[in-house]
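Asker: Sequence:
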Amino acid sequence: MRRWQPQKLAWMFALALVFGIQAHVSAQTLIWNLPAEGSWVRFQGTFEQTEARPGAAGGDLDLPPWSEQVTIKALGSEMAEVAGEQKPCRWIEIRIERGKEVDGKLDTGLAGLEIYKVLVPETAIPQGITNQEGIPLSFLPVVKGYRKVGSGEITPIVSPALQLYPLGVLAGYYRTMTVGNAPEDLSTPAGRQSATKYEGKLEVERAGSRTQEDSTIWRSAEIPFGVAGWTANVVRQVKDERAPRDDFKTVSTVKSSVRLSGTGTDATSDLPDSN
218 MRRWQPQKLA
228 WMFALALVFG
238 IQAHVSAQTL
248 IWNLPAEGSW
258 VRFQGTFEQT
268 EARPGAAGGD
278 LDLPPWSEQV
288 TIKALGSEMA
298 EVAGEQKPCR
308 WIEIRIERGK
318 EVDGKLDTGL
328 AGLEIYKVLV
338 PETAIPQGIT
348 NQEGIPLSFL
358 PVVKGYRKVG
368 SGEITPIVSP
378 ALQLYPLGVL
388 AGYYRTMTVG
398 NAPEDLSTPA
408 GRQSATKYEG
418 KLEVERAGSR
428 TQEDSTIWRS
438 AEIPFGVAGW
448 TANVVRQVKD
458 ERAPRDDFKT
468 VSTVKSSVRL
478 SGTGTDATSD
488 LPDSN
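Here the working numbering is used: position 244 in the sequence shown is 461, and no number is missing along the way.
Keep in mind that the hints are not guaranteed to be accurate.
[Unchecked claim] Below are the SDA-like pairs computed for lysine to any residue, each with C-alpha atoms no more than 20 Å apart in a straight line: (1) Lys466 with Gln286; (2) Lys304 with Ala378; (3) Lys317 with Arg392; (4) Lys414 with Ser426; (5) Lys414 with Met394; (6) Lys472 with Ser284; (7) Lys361 with Thr340; (8) Lys317 with Glu268; (9) Lys365 with Ala484; (10) Lys414 with Ala378; (11) Lys456 with Asp490; (12) Lys365 with Asp490; (13) Lys418 with Ser404; (14) Lys317 with Lys472; (15) Lys466 with Ser426; (16) Lys472 with Ala484; (17) Lys456 with Gly272; (18) Lys414 with Asp431; (19) Lys456 with Glu420; (20) Lys466 with Gly276; (21) Lys472 with Glu268; (22) Lys304 with Val360; (23) Lys472 with Thr433; (24) Lys361 with Ser491; (25) Lys456 with Glu268; (26) Lys466 with Asp277; (27) Lys365 with Gln286; (28) Lys472 with Leu280.
[Said to hold, decoys possible] Label pairs and their computed distance ranges (CB to CB): (29) Ala274 with Gly481: 14 to 22 Å; (30) Gln303 with Lys466: 51 to 59 Å; (31) Asp490 with Val421: 19 to 27 Å; (32) Asn492 with Leu278: 24 to 32 Å.
Worth flagging that the hints you see were computed from the coordinates, not collected in a lab.
As the structure is a prediction and not an experimental result, all values here were calculated from the model.
A virtual CB, placed ideally from N, CA and C, is assigned to each residue, including glycine.
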């Protein structure tokens, strides 16, 4: 079985350490509305990484790109206790696959498949990027849930919120986003979609490192869960901790571009015994 390239795994875990502690960043990029039970939506795209090699005869190193596929499903509903009250909740399942195309199939290797199944209060599904008090809707609250990575065991999700960024989905979540004035005509594998562009930027700087990210999310109320696609561009720079800020040098750039590839109404769970 093909093994994942260590440069890519190391980069993603480093990014998780940088952004994982930022309260205003999360991966609530994917769910902006709650479709009917049985609905599903699928996205496909690419994940590319370039390693800077100053002075190298061959220039910068472009690592072989990965293919990405993300599927979101609206499953059954049930009443559950939320903040001491019984509230209607919905099971949502997210399947993330990332790997190399081999003989027309996506080879996810040892860790390229992640499945999340979470029970979410129906009232928690966001309709914008902030609530009525202006607080960013950075996380999707979870009543209970389960996670499976590769061929590993199904494990409970102990966090009270769903966070896929950055190991699952590269596009982050931002305190403020620039919203397009009017819907645009977006080309996708599923055909052209009318979608509104949301753009966000983020920079995290420390004494010896700086990470800059910008993302674009295309929203469409006509698509299950409300998203037509997204892109993300992340640049990581380093310098000596005592050096001036002008000494920051780029060491890697990662790009992700994902678009709608299909929808349906016959969703079933990949973790049917986990409820």
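Asker: Look at each hint and say if it fits the structure.
Answerer: Going down the list of hints, with the structure as the test:
1. Lys466 with Gln286: Given that 20 Å is the threshold and the Cα spacing comes to 32 Å, the pair is violated.
2. Lys304 with Ala378: 17 Å, holds
3. Lys317 with Arg392: 34 Å, violated
4. Lys414 with Ser426: Violated - the C-alpha atoms of Ser426 and Lys414 are around 30 Å apart, more than 20 Å.
5. Lys414 with Met394: Distance of about 10 Å is within 20 Å: holds.
6. Lys472 with Ser284: 12 Å, holds
7. Lys361 with Thr340: 16 Å, holds
8. Lys317 with Glu268: Answer holds: Lys317 to Glu268 is near 19 Å, not above 20 Å.
9. Lys365 with Ala484: Holds. Lys365 to Ala484 sits at ~18 Å (cutoff 20 Å).
10. Lys414 with Ala378: At roughly 26 Å apart (the allowed maximum being 20 Å), Ala378 and Lys414 break the hint.
11. Lys456 with Asp490: 49 Å, violated
12. Lys365 with Asp490: 13 Å, holds
13. Lys418 with Ser404: 23 Å, violated
14. Lys317 with Lys472: Given that 20 Å is the threshold and the Cα spacing comes to 16 Å, the pair holds.
15. Lys466 with Ser426: 9 Å, holds
16. Lys472 with Ala484: Violated: Lys472 and Ala484 sit about 30 Å apart, past 20 Å.
17. Lys456 with Gly272: 17 Å, holds
18. Lys414 with Asp431: Answer holds: Lys414 to Asp431 is near 13 Å, not above 20 Å.
19. Lys456 with Glu420: 16 Å, holds
20. Lys466 with Gly276: 15 Å, holds
21. Lys472 with Glu268: 12 Å, holds
22. Lys304 with Val360: Roughly 10 Å between the alpha carbons, so the hint for Lys304 and Val360 holds.
23. Lys472 with Thr433: 12 Å, holds
24. Lys361 with Ser491: It holds: about 10 Å lies between the C-alpha atoms, which stays within 20 Å.
25. Lys456 with Glu268: Since the Cα atoms of Lys456 and Glu268 sit roughly 16 Å apart, the hinted pair holds (cutoff 20 Å).
26. Lys466 with Asp277: 13 Å, holds
27. Lys365 with Gln286: 16 Å, holds
28. Lys472 with Leu280: Satisfied, since the Cα-Cα distance of roughly 12 Å is no more than 20 Å.
29. Ala274 with Gly481: 14 to 22 Å: 50 Å, violated
30. Gln303 with Lys466: 51 to 59 Å: 56 Å, holds
31. Asp490 with Val421: 19 to 27 Å: Given about 40 Å between the Cβ atoms, the range is violated.
32. Asn492 with Leu278: 24 to 32 Å: At 46 Å between Cβs, range violated.
In the structure shown, a violation is registered for the earlier hints numbered 1, 3, 4, 10, 11, 13, 16, 29, 31, 32, in ascending order.
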